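> Below are the chains, spelled out letter by letter.
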Amino acid sequence: DTGVSQNPRHKITKRGQNVTFRCDPISEHNRLYWYRQTLGQGPEFLTYFQNEAQLEKSRLLSDRFSAERPKGSFSTLEIQRTEQGDSAMYLCASSDPSGTLDEKLFFGSGTQLSVL
Amino acid sequence: DQQVKQNSPSLSVQEGRISILNCDYTNSMFDYFLWYKKYPAEGPTFLISISSIKDKNEDGRFTVFLNKSAKHLSLHIVPSQPGDSAVYFCAASGIGGGATNKLIFGTGTLLAVQP
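These protein sequence lines map, in sequence, to chains A and B.
Heads up: the first sequence begins at 499 in the numbering used here, then just goes up one per residue.
Heads up: the second sequence begins at 7 in the numbering used here, then just goes up one per residue.
Bear in mind the hints are in silico, worked out from the structure with no lab data behind them.
Keep in mind it's a predicted model, so treat the numbers as computed, not measured.
One should not assume that every hint holds.
[Stated by the list, open to error] Taking lysine-lysine and the DSSO-like style, the derived pairs with C-alpha atoms no more than 27 Å apart in a straight line are: (1) K11(B) <-> K555(A); (2) K77(B) <-> K62(B); (3) K74(B) <-> K60(B); (4) K74(B) <-> K11(B); (5) K60(B) <-> K11(B); (6) K555(A) <-> K602(A); (7) K60(B) <-> K77(B); (8) K60(B) <-> K509(A); (9) K74(B) <-> K512(A); (10) K62(B) <-> K509(A); (11) K602(A) <-> K11(B); (12) K512(A) <-> K569(A); (13) K602(A) <-> K77(B); (14) K77(B) <-> K11(B).
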């Protein structure tokens, strides 16, 4: 399977606990994005990496959220002290713009987080 | 501030007929538009895109039309098939001039194709 892989698919946690999600992008893709989707909404941008550099973060990404992409390969998204409002589908996407203007994102299946 | 809007939350059409999904945007700096399709419990999958230098792009049963003056785009599916039943998201991005290179998504339209 050469698509974007996300683990775990589902995570149930209690309020106040920390959670970490992993994303493995398509191997030749140098850009990696994290999005969040809640019920009835479209995916909302959280942050993105160009190789190992985190180039932009949304104001949706509070101090409790941190993302890393060591060595420009897989990425992790950690949420500390989870709150019920963090319950959402967390989507990872990758792309390889290669200088072209028409950048297409390829999404993984997401991690569904439920905070009780 | 919803920069990409899909005002129809749902649409129902008969198999074999045309499905038309609409999308409006407010940021005139957007110059690349995409449609994604999403099934439950899966991530969005790319369907078709169009650059602002074109007004139409066609791929099989799917055609996207762009009206820049009206800041409006639409996705036509002809003929519609039951397997097309999914949520369709419109997305936009731009480069340079203060626009963003990240995709901004609409809220989606749930298409139901009735056999």
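> Look at each hint and say if it fits the structure.
Going through the hints against the structure:
no., hint, in the structure
1, K11(B) <-> K555(A), "holds (23 Å)"
2, K77(B) <-> K62(B), "holds (14 Å)"
3, K74(B) <-> K60(B), "holds (9 Å)"
4, K74(B) <-> K11(B), "holds (15 Å)"
5, K60(B) <-> K11(B), "holds (21 Å)"
6, K555(A) <-> K602(A), "holds (19 Å)"
7, K60(B) <-> K77(B), "holds (13 Å)"
8, K60(B) <-> K509(A), "violated (43 Å)"
9, K74(B) <-> K512(A), "violated (47 Å)"
10, K62(B) <-> K509(A), "violated (42 Å)"
11, K602(A) <-> K11(B), "holds (20 Å)"
12, K512(A) <-> K569(A), "violated (32 Å)"
13, K602(A) <-> K77(B), "holds (21 Å)"
14, K77(B) <-> K11(B), "holds (11 Å)"
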